[in-house]
Every structure is written in C-alpha cells, then in structure tokens.
Amino acid sequence: MIAVGSTDTTLLAAIAATKLPFVAFAVILLLTRRRPRLSAGLSLTAIAVSLASAGFLLVKHWGIARPIEYAALWLAGGDVSVRVGILIDPLSLIMLAVVAAICLLVQVYSLGYMAGDPGFSRYYAFMSLFAWAMTNLTLAPTLLQLYIFWELVGLASYLLIGFWYEKFSASEAGKKAFVMTRCGDVAFFLGLLLILVHLGNLDIRELNGAAAGRLSPTVVTAGALLIFGGIIGKSAQFPLLTWLPDAMEGPTPVSALLHSATMVAAGVYLFARLFPFFSLSPTALGVCLAVGTVSMLIASTMAMVSRDIKQVWAYSTISQLGLMIMGLAAGNYVAGVFHLTTHAAFKALLFLCSGVFIHAFHSNDMVVIGRQGGRRLRVPMACLVIAAAALSGIPPFSGYFSKERILGALADLPNPLWVAAGLLGAFLTTYYTFRLIFIILFPAPGGEDTAQSHGSEHGHHGGYAVMAWPLVILAAVSVALGFGEKAVAQFLLNPFGSVTPAAAHHAWLPYAALGLSAAAMLLAWFEFGRRGAGQIGFVERVAPLHALFGERWYIDRAYRWLLDQVVYRLFSRLCARNDQKIIDGAVDGLGRVIAAGGGRMSILHTGMVQYRLIVVFVSIALMAIYFFI
Amino acid sequence: MEFTGFPYLTAILLSCVTGLLVILFVPDENRSAVKWVSAVFSGLTLALSIAVFLLYDTARGGLQFVERAAWVPSLGIHYLNAVDGFSLPMVLLTGIVFFTGVLTMWELDHRVKEFYAFYFLLVTGVFGLFMSLDLFFIFIWYDVSLFPMYPLIAIWGSTRKEYGAMKLTLYLLAGSALILPAIIFLHVQAGGTTYDITALMQPGTFSAADQKLAFLLLYIGFGILAAVWPFHTWSPVGHVAAPTAVSMVHAGVLMKIGAFGVLRVGMSLCPEGWQFWAPLMATVAVIGIVYGALVALSQTDLKFVVGYSSVSHMGIVGLGLSTLTVDGLNGAVFQMFAHGIMTALFFSAIGYIYERTHTKMIPELGGLSRIMPVASGYFILAALTAVGVPCLASFWGELMVFIAAFRVYPIGGVFAVGGLVLSALFMLRVVQRAFYGPPNDKFVHLTDVSFRLGIPRMILAAVIVLFGLLPSILFDVIDTASVAFIKGLP
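Order-wise, the sequence lines are chains C and V.
Counting in the numbering used here, the first sequence runs from 52 upward without gaps.
Counting in the numbering used here, the second sequence runs from 12 upward without gaps.
Read the hints as simulated data drawn from the structure, not as lab findings.
Listed next, the stretches of chain V that the computed footprint assigns to chain C, with coverage defined by at least 3 CB atoms under 8 Å from CB atoms of chain C:
hint	region
1	298-309
2	375-387
3	412-424
4	448-461
5	482-495
Listed next, the in silico BS3-like pairs over lysine-lysine satisfying Cα-Cα at most 27 Å (straight line):
hint	chain 1	residue 1	chain 2	residue 2
6	C	Lys632	V	Lys172
7	V	Lys223	V	Lys498
8	V	Lys453	C	Lys218
9	C	Lys70	C	Lys111
10	C	Lys111	C	Lys537
The C-beta atom is built at its ideal place from N, Cα and C for all residues, glycine as well.
Kindly produce the complete structure, drawing on both the sequences and the hints.
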C-alpha cells in the first residue's frame, strides 16, 4: 500500500474490514475443518471486526465530501496495470456497513440454523469467502477490482446455493446461478474492455469525472449498456431473472444474505457506483428504466401464485431490485441507494423469519406452515409482520420512506406511465405480501394437517434463541431506519455538493400509494384472511394467468429449450460429430488409404523369380528408351 | 566453451539423465527403490528449476545462464542452453509437473522400472527443448520427448491405448516432418553456417517471403503439438489413453512445447512471417476456443472433457500469441504455465479417482464429494480454475489475453470472451454429475486421499492459488522477455 502512515486509522480499519474474512476462510479450510465450533468462532470474529471497522469508518467519515483512495499495484505489465485498493466515499461506506452488519447477523443466526450440519465448517468457510469478496467489491476503486470480486461473490454464491450438494435440485440451482450470471458477466467484461481500450484505465473516479467526457457518446452508451448486462445478471433482472428463485435451494440464511440483502444488490450498487457515468447516456438510462420496470412487474406477478414461502421472497427481491434500478434510472441517486439500504434490512428479516418457520416445520409451503401453527412462533411471526409492512411501504416502517422517494422520482418523469407502473407494483407487492401473511396467520380451517413436507430443508431443532436475536435487531432497524432518511440523503449527496434538483412535490402521491396498498391489503384480507375465505386468489381463478405466472412467464422453458436443443443438440453434437466423423474420419481414412496402398504395393513383392526378371527387363528397356531417344 | 558460474541448466538435464541411469541399475523387483530414486532425482530437478527461477535477474532480463559449447563445429551445431522470460516459466512448470507426476504414480505396480525410465527420458527431452537455443538441438529434443510417449501409452495406458498411442505418435511425427524442413530451410537460407537461434535472430537474416513460408511450416508443425484446431484430435484421445502421470506431462507440458516452439522458433526467427499469418492464427485460435468448449459439452468421459477443455484453453494461448502485443505475449505465456499446472491437477485428481472406482465415465460416478471430499476438492479446484475464477492462476492469463485480443481483433475477442460461458457450462456440468448428488452405493466403501498420496495434489493446488493471488511473481519475469521481443519487431 502506498502512503501508509502508521497512524492512518482509516487505512487500518479498511484493511481490517476487507482482509480478515479471507484469513478466516483460509484458516478454516486448511486447519479447522474438523472443529466446527472453532470455525464458526473464527468466521464470526472476522466479520465482527469487519463490522466494527465499518462502523468506525462511518462515524469517522460522516460528512465526508472528498473520496479517500488508497491503492497498490497488484500486477503490472505491458499496457495494463491492475491496482488493488480501497475507495472510501459515502456510497461505499454505507454499503460496507450494510454488508458487514447483515453478514454478522446472518452468521449469528446460522449458529442455530446450521447446528449439527455435517458441513458446518465448510459453511462458515464459504460465508467468510463471501464476506471477503463482498467487502472488497464494495470498496473497489477500479472497475477491474470490482469485476474480480464480483466474480468471486458469484463463486461464493455457487458454492453456497449448492451447499447441500447431494440434493440434485441444489447442485442444479448452483450451476444455473453461476452460468446465468456468467452470461451477464461476459457483457460486463466486454464493457470493461471497451472502456479500457478507449479510456486507458478503469478508475471509477475518473470514469465518473471529467474523463468520461472524452469518450464519444456511442462508446459511453455501449459501455453503459454492456455493464448493465452484468447488473442484469447479478441482480436477476429481466431476462436473466430465473436463477434467483432456484437459488432458494441453498440454506435459508444464505438466501437472506446473498440472494436478497447483499450479493444481488451488488448489481444495483454497481449502478449507483457508476451513476454519473450512466447519466451521460440518456439512451442507456432509458433501457435501464425499462428493464427495471419489466422485472419489477413480472416478478411481482410470479410472487402472487407461488406457495413456496422462500420463492415469494425471491420474486419479491427481483421486483424490489427492479424498483431500485427504476429509481436510479429515473435520476434519483438517493432514492435507489436508500431503498437498497432499507430493503437489505427488511428483506433479510423476511428470510430469517421464514427460516425459523422452515426450520420448525420442515416445509417451505406457506399453507403447511399455517396449518401446523406457524403463528404460535410469536417472535418470528411479529417480526415477519413488521418486515412485511416495511416491504409494502406502510408508514412508519422504513420501506415507506424509501419507496416514496422512488415513486416521487418516477412521478418527475415526463411520461406518466412510469409512475403508474410503480404504483401498480406497489399494489401487487402489498397483495402478495399480505397473501402470505394471512395464509400463515389464519390457516383455512378443516384442512387435514398434511405433514408431508414439500421440498423441506433438512434442518435440526434447537438454537432457537440464537436465531431470535438477529430477528429482533433487524426488526428494530427496519422500523428505525426510515427516520434516518434526511441524514442519509444529505450524507450521500455530499460529494455532489448537495445541489440536488429540488424534486417537484407530488402531494397526491403518498395518498395514492397508500390507498392502493390499503386496497391490496383489503383484497388479500377478503381472499385469504377473513373467516371462511376460500384462500384462492383472483389470479388463481383465471387458469391461463395462473399458468403464465406459475410457469414464470415461460422464461425458464425458453432457456431450457435453448440449452437443450440449440446448445447441446445442435452446436455441441454438431461439433462432436464433426470431430469424430470429419476430422478423425479424414485422419483415419488417410491411414486406411496408406495401409491399403501398402497392401497393393505388396503384391509386387511376390518373390517369383520370373516376375522379377520381367520387371528388370522392362525397366532396362524403359531406361534405354529414355536415354537413347 | 562458455559457462558463466554454475551450469544450472546442464545440471537439470544431468539430474534427469542420472536419474534415468540409476533407475536402470536398480533391480526390477525392488519397486519402492525405483520410486524413491525417481522421487529424489525429480525432486532435485525441481529444486534446481526453482533455483534457476529465483536466481534469474529480472532487472537485467534477456538470456541468462548461458551455456555454450561447440558440438559439431563443421556443421555449426552448438550445445547452447539459456533461459529468458519465456522459457523460465516453462522450466519451472516442467519441474513441478515432473515431480508431482512421479509422486502421483506412487501406487503403480506394473513394470515400474520401465515406466519411470521412459518417464525420465520424456522429461529430459522436454527440459532440453525449453532450454536449448540451437535449432538442431531443438529438433533432437523434440524427438526425444516424443518417442517415449508411444511405449508409455501403449503399455501403461487404458481406453483404446494402442489406437491412442499410434495416433499421437503419427500426428507428432507429421509435425516434426514439417519442422525439420523448415529448420533446414532456415539454416540454408542463412548461409548454412549455424543453427544458433541468437545468431539467426538478427534482423535481415531472412527475406520476408522466406519468413512467411518458414513460419507457416513451423506454425503447423509445432501447432499440431499445441493442439491447434483442426489438428487437435490426437490430443484428447492421447490424454484419455495415457496413464495418469503421462497425461499430466502430456497436457501439462508437452502441449506447451508446441506453443513454445511457435514462440521460440517461429516468431523469433520469422517475425514478419508471424505478422503476416497473425490474423489466421487468431481466427484458428478463436475457433479452437469455442469449438473445444462445445465438444467438451457432450463428452461423458472425465478425461475427454479435460482433453477438449485443453483444446479450448490452448486456443487462448494461440490468441495471445497472435495479437503481437506485450500483453498478449504475457498472457499467453502465463496461460501456458497456469494451464499446465491446472491440467496436471485435473489428471492427478482423476488418476486417484480412477484407481479407486475403475471408471472415468461421468454417468457412472456421482456423489464423490461425500465419499472422498478431499480428492473431489482438488478436481473442483481445477475446474474452477478452468472456469476462470479470479485469484486462481488461469484468470490472469485469460485476462491479459482478452485485453490484448479485444484491442487487436475486437470481433474475435468478443467470441473468445463468450467462450467463457461455455467453459463454465461444461465444467460445472461435470462437477455436478460426477461429484455432487447422492453417493453411488458401489463406491461408498472407498477411502479418501491420504495425506501422503495427497502431497502432489497439494503442491499443484498451492501453486494455482499462489500464482492466482500473486501473479506478479511470474508476470515480472515474462514481461522482461515480451517487452524486448515486441520492441525488437521490425
């Protein structure tokens, strides 16, 4: 590291925050695999120190206006130098705090959830790997570093989704997640190369600063769109969204940490990170806005028909990430980032609460959980309701404040369609959220207590207390965070000189949003909550719609077809055939021709004296003719 | 005669040859003595390779450890050894693969003495080729390393071993049939006085037309060995047929000889030929990258998958070489090293599994992670390296090559980068089918790799991670050679 003063506490804290989890990962994997308690202790210590450092940095640099950057050379050669370093500014500080906090809480929760699992040490090793990659991604000063750790969080995700690798669906889901995000990453990587070729480096600050003005608008648009491809993959946006619901095959704490609160939010974080760069290209922003909107709406529809509790939250994650992207693409930086923060808290809470139910009832099916008495688990039930209210944007929970900001930003756009889409999204979100809540709270009477578990995870009883604390803390945060809105907004905008365009005040907007939410809640109550409700949603009554939403708009089928028929059947088989029949066929054919030729030649070698004499005679005669004539 | 200081390079060769001779004098029945002798001498060779690597002065760069002696002065043949930034990683790679290969074959009990004797001979040729700077010797070393492959595969191999051995030998001989005329042609065009590459490298030695012709011959000749598409089919078949350690050397080192030959002989002596044919090289390389991955997708034999992935990965090397840039060369040589270590780990892990399960067919395996977590872990690590996960060695080579390729051949670069998706697809597919899922009842009684048997895999895995985290150790060395090389281009 350059410019290391021994008293530079900022640097020390940043190094502690980003490097310790790696140490924990390496030590667990190499030394303490057979000692689960020690492994968990190491991992928790590392992430706790990370969180403390993140908190220290946040406090120390509260109100920071100029970013602080440290860098060291990782690799240099030719025209390329790869720097590794730390970039501290409001955005990265907030994200770092979110990541470290959720990591710690989820790891504490996992002590109970994963207790007794034969892969306990491996679990904590992978968790540390993730924490290491994610913190370094967050503080990356260059896009290349960001990309490197972006790939590594993808690796951690692959390993954790397929954690119970003996289950076919789990290993399949891990593979799917990796390959689908890889598709987006290829676009991201090409975007990096494009920018590198035209700009000469990949420094984030430079890219966001005046240097990007040197680029031609075409390059900016192309670069922004290619990078957005990576965001689509990582944040599971349309059309690369189907890996995320499958990723729920992983242990529930993993879903809470990676697949809702932090890793999938890395896509949105990247968008926010490069917000000034993206802003240079209205075309790119338009595309982002459209993709975000489509993802938000179709994911909400999918959530309306799923009975798998984790799937619902997965769809909801896609939809909320889409909402954040809409906010950012609408030009409101604070709205997107603030929603990312609040969402991290309440979505992690939703997953962790659901994890308690799944752990207790060995089922992911909300109907089964309801019938078996889910509401008797009071703490998780109460926390679930709080988180659901935050998700639905009901005041005074935090989701209300961040959602309002995004809706406000959408209302500022000239085309009213966007805000209409946003409001529709709010309606659908509240509907599917409370559908789930009512089904668990008020199970339909008379139904047989079907103990058969649908795709349950093999959990183990016990450790309830250690699982409850993170819930309570997260619930408190979900309630309180909304009131920090002003302070966070001010902090975030410091580097921009706080010259935010004063947003037009839409007085009607909160009423409209709340009214729609209330209507959705009533509808959900009517269909699922009230005594004697049939617990059949209005979507489920329309068979084609039900099929469409339940089949994820047939997106998955299209991919499967593409993979099986086009990639495997057509290209792969074709190439393999070509290898066997044409290339090898030609080579073997050549061999056969030569062998056959040798066989023909061998006829000459009959060993008959008369025959040889004839040949000698003819040869001499031919030579004589050649030489004398 | 010119030797500066201790002749490390000759010592490496002598260590191999001495090992070979000692093995020949150990009684046939005493298998463990043969193994220990092999381990000691290959360990010594590895130590010497590491010493050369560490003693190389990167600040000075250029050719170092030069050892020159006239061999047949009347024909201009010299015994001339030296290393530079290109050959140094290859020497280190060979040392590592050689030593770990010996340890990997520790459980061999069929004609042990002959096996190790041939194995030592093979590696001697490889070392000689990487260190030699005399065209005549390069050709001799090429054939020395080629000849033992036939008995090694035909006797100790599996799965259509005679066919594989024959195919490999014929292919490689075809390659040498192109290399030899090219070498003689260059020798004659330069006046017929020397085979010394350093002398022949002087600009203006060969006319542009001669360079184009000679380069094409050398490129195809050596390219066959590097499994350049469409001359690659010997390679997967050979991998599959060969015994474990030979697969390791074959994929890990022998294929690098091809790429290295193109670099050392073709590109050094015929830079204009290289520039002329570069677009062709790039096209072929990109086809190889995508094609290899596609064929790998529909393989059912573990070794075939790795074999075709090698075709794809060697395509990345070829692409790097075709860019005519410092980054491209850096990346290509780094990728050669990384790929060598990675495939050695692949085959070492497969070898252990095959020894136990007696099958390499993916559908028959399954759930191995539960039965032998450590052995599977090594395979999975190699697979992740092949997928291009950052902080594992291969990533850096690919990164540099892609950066260079995108600058020079944007369209080819896009296709090559797209190949990343395919490589993730086929590698993870294999990992899932063979290692994940419920354990197969047939194999539940099998034991995991013990610490002692795990040593070679541990070394390889450590090297992958080391160079993944600290790539500059290698890049700084390679950079000295490629910067000078590109600067010297006409």
